[in-house]
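S.K.: Sequence:
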Amino acid sequence: MPLPTLLTDFIGLLFPQVCLACQEPLARGEDHICTDCRAQLPYTDYHRLPAAENPLARRFWGKLPIEHTFSYMRFQKHGRVQHLLHQLKYRNQQEVGQVLGRWFGAELAAAGFTDAFDLIVPVPLHPRKLATRGYNQADSFAEGMSLGLSCHWQSDALRRTTQTESQTRKNRLQRWQNVAEVFEVAHPELIAGRRILVVDDVLTTGATLEACAAVLLAARASTVSVATIATADR
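Those letters in the sequence shown? Residues -14 to 219, by my numbering.
No lab work stands behind these hints, which were simulated from the structure alone.
Beta carbons are placed, not taken as given, at the ideal position from N, Cα and C, and that holds for glycine.
Careful, some of the hints might be misleading.
Using C-beta positions, here's what the derived DEER-type ranges look like [unchecked claim]: (1) L115 to G14: 27 to 35 Å; (2) T147 to S207: 23 to 31 Å; (3) P35 to Q2: 37 to 45 Å.
Straight-line C-alpha distance at most 27 Å; calculated DSSO-like pairs for lysine-lysine [unchecked claim]: (4) K74 to K114; (5) K74 to K62; (6) K62 to K114.
From just these sequences and the hints, can you work out the full model?
M.R.: Structure, rendered in structure tokens:
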């Protein structure tokens, strides 16, 4: 049964929940991120642009036929987005991905993408890294987006077969070489003929998402689109 309001307020005074972006106490009704931070997050709004005007789409031109390219926010060093991603990836705050995914999914639905996808697929972690971290941050985002878009998500549709080095300090060619042959489709029957939205935390060069999209298209996906929490400069 729900706790009485007075008891809930008392517990909140003793153990206040804080905003995962700025660490200030949350007000009643705020959901992991305070209203002020939510208003000031650097949204891209690229989903409102025609494909030809979307700067993220250009990262895949001439490489793969990506149907839609979305990213919720701009990554800014030492900013709120970096802090949120750090909480998500290294502090076991899976709620960050779920909340942002739910918000972004609802925005995409409102922009007319409600029926654009049949399945949401997260970029997978290697089993060893998954065992160490305990969760896949991209899966948390996929779960949230599935709620916002009312679209099913499948956490194990893709499999990472090789544990790769960090992409952080690599250039585009090195990033592509690092991930070119490390993904495979675990359940081809879920992919064939379906419109797939593959999601990750950050889009930089697009090499990881490109590698995932390639194996999904090879498995006869009808279309492949990509979405991330944030986009960073290459």
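S.K.: Next, verify each hint and record whether it holds.
M.R.: Here is what the structure says about each hint:
The hinted range of 27 to 35 Å is satisfied by L115 and G14, whose Cβ atoms lie roughly 34 Å apart. Here the CB-CB span from T147 to S207 is close to 28 Å, well matched to the stated 23 to 31 Å. Taking 37 to 45 Å as the suggested C-beta distance range, the pair P35 and Q2 conforms, at roughly 40 Å. Our distance criterion of 27 Å between C-alpha atoms is met by K74 and K114, whose separation comes to about 12 Å.
With a C-alpha separation of about 16 Å, the suggested pair K74 and K62 falls inside the 27 Å cut-off, and the hint holds. In summary, the hint linking K62 to K114 is supported, as the alpha carbons are separated by about 25 Å, within the 27 Å threshold.
Hint violations for this structure: none, all hints satisfied.
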